[in-house]
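Given chain C's structure and the hints, the job is docking chain U onto it.
2 protein chains.
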Amino acid sequence: MGSETSIPKGTRDFGPVEMTRRNYIFDTIRDVFRLFGYLPIETPAMENLSTLLGKYGEEGDKLLFRILNSGDFLSRIDQSVLPGLPSASLSPMISEKGLRYDLTVPFARYVVQHRSEISFPFRRFQIQPVWRADRPQKGRYREFYQCDADVIGSDSIYNEYELLKVVDEVFTRLGIKSCIKINNRKVLAGIVEVIGEGNRIIDITVAIDKIDKIGIDAVNSELESKGISSEAVKRLQPILFLSGSSKEKLDALESILSTSPTGLLGIEEMKKLYSYIDNDLMSSEIELDLTLARGLNYYTGAIIEVKASDLAIGSICGGGRYDDLTGIFGMPGVSGVGVSFGADRIYDVMSALNLFPEHDTGESRLMLVNFGGEEEKYSITILNLLRKKGICAEMYPDQAKMKKQLAYANSRGIEFVCIAGEDERTNGQVTLRNMLTGKQETFTPEQLPGRLA
Amino acid sequence: MGSETSIPKGTRDFGPVEMTRRNYIFDTIRDVFRLFGYLPIETPAMENLSTLLGKYGEEGDKLLFRILNSGDFLSRIDQSVLPGLPSASLSPMISEKGLRYDLTVPFARYVVQHRSEISFPFRRFQIQPVWRADRPQKGRYREFYQCDADVIGSDSIYNEYELLKVVDEVFTRLGIKSCIKINNRKVLAGIVEVIGEGNRIIDITVAIDKIDKIGIDAVNSELESKGISSEAVKRLQPILFLSGSSKEKLDALESILSTSPTGLLGIEEMKKLYSYIDNDLMSSEIELDLTLARGLNYYTGAIIEVKASDLAIGSICGGGRYDDLTGIFGMPGVSGVGVSFGADRIYDVMSALNLFPEHDTGESRLMLVNFGGEEEKYSITILNLLRKKGICAEMYPDQAKMKKQLAYANSRGIEFVCIAGEDERTNGQVTLRNMLTGKQETFTPEQLPGRLA
Chain C
1 MGSETSIPKG TRDFGPVEMT RRNYIFDTIR DVFRLFGYLP IETPAMENLS
51 TLLGKYGEEG DKLLFRILNS GDFLSRIDQS VLPGLPSASL SPMISEKGLR
101 YDLTVPFARY VVQHRSEISF PFRRFQIQPV WRADRPQKGR YREFYQCDAD
151 VIGSDSIYNE YELLKVVDEV FTRLGIKSCI KINNRKVLAG IVEVIGEGNR
201 IIDITVAIDK IDKIGIDAVN SELESKGISS EAVKRLQPIL FLSGSSKEKL
251 DALESILSTS PTGLLGIEEM KKLYSYIDND LMSSEIELDL TLARGLNYYT
301 GAIIEVKASD LAIGSICGGG RYDDLTGIFG MPGVSGVGVS FGADRIYDVM
351 SALNLFPEHD TGESRLMLVN FGGEEEKYSI TILNLLRKKG ICAEMYPDQA
401 KMKKQLAYAN SRGIEFVCIA GEDERTNGQV TLRNMLTGKQ ETFTPEQLPG
451 RLA
Chain U
1 MGSETSIPKG TRDFGPVEMT RRNYIFDTIR DVFRLFGYLP IETPAMENLS
51 TLLGKYGEEG DKLLFRILNS GDFLSRIDQS VLPGLPSASL SPMISEKGLR
101 YDLTVPFARY VVQHRSEISF PFRRFQIQPV WRADRPQKGR YREFYQCDAD
151 VIGSDSIYNE YELLKVVDEV FTRLGIKSCI KINNRKVLAG IVEVIGEGNR
201 IIDITVAIDK IDKIGIDAVN SELESKGISS EAVKRLQPIL FLSGSSKEKL
251 DALESILSTS PTGLLGIEEM KKLYSYIDND LMSSEIELDL TLARGLNYYT
301 GAIIEVKASD LAIGSICGGG RYDDLTGIFG MPGVSGVGVS FGADRIYDVM
351 SALNLFPEHD TGESRLMLVN FGGEEEKYSI TILNLLRKKG ICAEMYPDQA
401 KMKKQLAYAN SRGIEFVCIA GEDERTNGQV TLRNMLTGKQ ETFTPEQLPG
451 RLA
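Listed in order, the protein sequences are those of chains C and U.
Mapping of the first sequence onto our numbering: residues 1 to 453, in sequence order.
Mapping of the second sequence onto our numbering: residues 1 to 453, in sequence order.
By construction, these hints were calculated from the structure, which means they are not laboratory data.
All values derive from a computational prediction rather than experimental measurement.
There could be a bad hint or two in this list.
[Stated by the list, open to error] Derived pair list, reagent style DSS-like, types lysine-lysine, alpha-carbon separation capped at 27 Å:
| id | chain 1 | residue 1 | chain 2 | residue 2 |
| --- | --- | --- | --- | --- |
| 1 | U | Lys377 | C | Lys271 |
| 2 | U | Lys249 | C | Lys377 |
| 3 | U | Lys272 | C | Lys377 |
| 4 | U | Lys138 | U | Lys9 |
| 5 | U | Lys388 | C | Lys181 |
| 6 | U | Lys377 | C | Lys247 |
| 7 | C | Lys55 | U | Lys9 |
| 8 | U | Lys249 | C | Lys272 |
| 9 | C | Lys249 | U | Lys377 |
| 10 | C | Lys181 | C | Lys272 |
| 11 | C | Lys388 | C | Lys439 |
| 12 | C | Lys377 | U | Lys181 |
| 13 | C | Lys388 | U | Lys177 |
| 14 | C | Lys377 | U | Lys271 |
| 15 | U | Lys388 | C | Lys177 |
| 16 | U | Lys401 | C | Lys272 |
| 17 | C | Lys403 | U | Lys272 |
| 18 | U | Lys247 | C | Lys377 |
| 19 | U | Lys272 | C | Lys404 |
| 20 | C | Lys213 | C | Lys177 |
| 21 | U | Lys247 | U | Lys181 |
| 22 | U | Lys234 | C | Lys388 |
| 23 | C | Lys401 | U | Lys272 |
| 24 | U | Lys403 | C | Lys272 |
| 25 | C | Lys181 | U | Lys377 |
| 26 | C | Lys401 | U | Lys271 |
| 27 | U | Lys210 | U | Lys247 |
| 28 | C | Lys272 | U | Lys377 |
| 29 | U | Lys389 | C | Lys177 |
Looking at chain C on its own, in the form it has when it is part of the complex (with noise of 0.2 Å):
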């Protein structure tokens, strides 16, 4: 019966530990999102098929689970033209709905949906999972949470710099030491513009995304290889290289784009985000990096990618302007921006530098021993006593043995242990005993509170 125990590949549980972090995680996360204004929603795991389908491309359909059609779902279909069916062409019609990809396409779907409620510019943020069929590795799940914030109604930079207020927040709040590095796209189709390759921008972003993981030559060979001219190649780099402060970066940027008229949108809109910037303290390090593209195509304005300082993992936080969202649902024109945080990769980063707080386990801190009887409920007022104080705390369920009682408490790491038997109870006292330290001490169950504080 061992496949009756297993849960499907690429799909965890989280035992009380891992909650308990989440949870932490999540808690600050939401906590900073509410402090700025941004307001909570959340929409249903399963969307329409047309919703989804077509959004994130060819590859992205593939990795949608899809919901097979209650009942009776052959009834509905023509059974002679089922012989030599490709998968793809039955599944559109056994199945009609699909598992939430991102919290991205859904969010646009609901601006559309619930317009005449919404007042624009609509600052939200949700944070629910996600599930995709990818193949399972490590760090990678088919089931996973992202934490999203945007605005969406807007196209301000202050709603771009307020985000990277927002990232800052969260990761000094987690302890994380993280570098932000930012980057605009009206930027980047200004340099392929300038060197020659306007129409290339998709191709050249995915090569120079590389840079850090490959190197500069393997860029240029594999930038040769799709075709990009070698004068464009050979204009390319010292725009990747250019060197200063970020203001010397972009002065120097601003005349190498002069004749891009989209370039110096880009530079202005970073000038403009830099102002505001410049004018304010943050604990993360701000990097104006050229080589940043990220992978979705639906980014028009600012993209940033979070790394932290000291670990070498992948981006834990990403995000950017994009135009257009809501007109792939007949309502064009809304800009908006917005990041979205990786719970499970920041989990990994705290995991691995030992940042979790060691004292909220959200367990019990204390076990009451049940003696049963006339203990058992002398035992039970102290626990109410104690709970209304707040103090997370339980009593043994059954009057088993000593030992074994103490022995479970240990097993949970429960701090403290009461014992308050037929001595304690006739003389209004209750014993504490320290777990770690074996140390015993009497007190009244109204001192109780106080000593556990």
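The following block gives chain U in isolation, referenced to the frame of chain C:
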């Protein structure tokens, strides 16, 4: 394109106001679970169908949402069998996973799978959505949350008592006056035994479960139509309408059930439970209700159901003891008891009775008007100061007309607007406008947090 901005029937979007209210319910339940020492776990949305099938009866199997296998799912089956194949036969060939139908079966699977890591008795809570392909109707959804707390690995009646305390504490905190009805499956078994219909417990309990809805006469007709002897139905009547205090009812039942060992065991369990309850002071009314049967046939001891006293609506919480839940996964003899809160019903009760707290909408308390330029920078320093004090606040992102900015604050229901224009900036002051009263006052930025507290 209407279909692209709709969601599957029976599912819902939750906007900011609903989210804040729902989170208030979830947070209250979670806080109480934690205070009582229950530990959080989460399981994947998808389980293997082998885990889910056969656990909820034939009807339940039909209500499972099944996930279509990924990739070329037809390539693994013999296509010659396809023509004329019923859906029910094709389904297991092309689908191996399903969405979780409740939290109890995944919990049983979790306990068996992780038995070596768990300290028993294991007190866990779990708050997650579940999915059922039920016919959508008012108050019934295809995606809804369950909030469960269970203790597994202890048959002490103390656990039942403690779960009643949890229920009482949750509804007290939420401000819902509640009536907790309790009964015991062993008592019901004893009753059908002594009226001479011992093997008809399911038909009889299903019928008497409807007394509240259809009345005693209709129940009696149903019993007779199901072939219960009129002698048995006659004998049943006085038992269903025993009067007096719970103690008097239990004493009377004890002599009625004197020939049924199972019935007497049930009476003993009930008396033990009452020995805890009588010793305590709960806000909820506790009622021994012998007509309470609950549909779920895995209950073997106590059964409980909670109703709101001030609103005629179905049960808002239910639960009971099950003696062999993990047996289905090859780990027999582990007794457990649990309760499940229905967040949607609780939401409906709180809405109808106006019980949601007015003040905490989770919204920004203050919006700063955006004047652009130096004034914008000055406003940002004020915003940073407010957020540092933990005050939820935002600035309008664009330098729009004052009228537009104020209209936005109004439509969002934001309480205060902060105006820091050129005059205020040069004098180091801010003007605070109460959007409800229209009253304006001028302070220094440092005085502001105190004015909002």
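Structure-based check of each hint:
With a C-alpha separation of about 15 Å, the suggested pair lysine 377/U and lysine 271/C falls inside the 27 Å cut-off, and the hint holds. Between lysine 249/U and lysine 377/C the alpha-carbon distance is near 24 Å, which keeps this suggested pair within the 27 Å criterion. A threshold of 27 Å between alpha carbons decides the hint, and for lysine 272/U with lysine 377/C the separation of about 12 Å falls inside it, so the pair holds. For a cut-off of 27 Å, the pair hint linking lysine 138/U to lysine 9/U stands: about 12 Å separates their Cα positions.
As the CA atoms of lysine 388/U and lysine 181/C are separated by approximately 25 Å, the hinted pair is consistent with the 27 Å bound. A threshold of 27 Å between alpha carbons decides the hint, and for lysine 377/U with lysine 247/C the separation of about 19 Å falls inside it, so the pair holds. Simply put, lysine 55/C and lysine 9/U have alpha-carbon atoms about 22 Å apart, close enough for the 27 Å limit, and the pair holds. A C-alpha spacing of about 78 Å is found between lysine 249/U and lysine 272/C, which places the hinted pair above 27 Å, so the restraint is violated.
Proximity of lysine 249/C to lysine 377/U is assessed by CA-CA distance (about 24 Å); at most 27 Å being required, the pair is judged to hold. In summary, the hint linking lysine 181/C to lysine 272/C is supported, as the alpha carbons are separated by about 16 Å, within the 27 Å threshold. The hinted pair formed by lysine 388/C and lysine 439/C meets the criterion: a straight-line CA distance of about 26 Å does not exceed 27 Å. Between lysine 377/C and lysine 181/U, the direct Cα distance comes to roughly 23 Å. Compliance with the 27 Å bound is thereby established for this hinted pair.
Straight-line distance between C-alpha atoms of lysine 388/C and lysine 177/U comes to about 19 Å, which keeps the hinted pair within the 27 Å bound. Annotation: proposed proximity of lysine 377/C to lysine 271/U holds, straight-line Cα distance about 15 Å (limit 27 Å). Distance hint between lysine 388/U and lysine 177/C is fulfilled; the C-alpha atoms sit about 19 Å from each other, no more than 27 Å. Among the hinted pairs, lysine 401/U with lysine 272/C is consistent with the structure: their alpha-carbon atoms are about 21 Å apart, no more than 27 Å.
Only pairs whose Cα atoms come within 27 Å are accepted, and lysine 403/C paired with lysine 272/U is accepted, the gap being roughly 25 Å. Taking the CA atoms of lysine 247/U and lysine 377/C, the gap is about 19 Å. The hint holds against a cut of 27 Å. For the proposed pair lysine 272/U and lysine 404/C, the alpha carbon gap of about 23 Å is at most 27 Å, so the pair holds. Distance check on the hinted pair: lysine 213/C and lysine 177/C sit about 21 Å apart at the alpha-carbon level, within 27 Å; holds.
Restraint check: the Cα-Cα separation between lysine 247/U and lysine 181/U comes to about 15 Å, which is no more than 27 Å; the hinted pair holds. Under the criterion of a C-alpha separation no larger than 27 Å, the hint pairing lysine 234/U with lysine 388/C is inconsistent with the structure, at around 49 Å. Our distance criterion of 27 Å between C-alpha atoms is met by lysine 401/C and lysine 272/U, whose separation comes to about 21 Å. A C-alpha spacing of about 25 Å is found between lysine 403/U and lysine 272/C, which places the hinted pair at or below 27 Å, so the restraint holds.
With a C-alpha separation of about 23 Å, the suggested pairing of lysine 181/C with lysine 377/U holds against the 27 Å cut-off. As the CA atoms of lysine 401/C and lysine 271/U are separated by approximately 24 Å, the hinted pair is consistent with the 27 Å bound. At most 27 Å may separate the alpha-carbon atoms for a hinted pair to count; lysine 210/U and lysine 247/U meet this at roughly 25 Å. Of the pairs offered as hints, the one joining lysine 272/C and lysine 377/U holds, with about 12 Å between alpha carbons and a cut-off of 27 Å not exceeded.
With a C-alpha separation of about 23 Å, the suggested pairing of lysine 389/U with lysine 177/C holds against the 27 Å cut-off.
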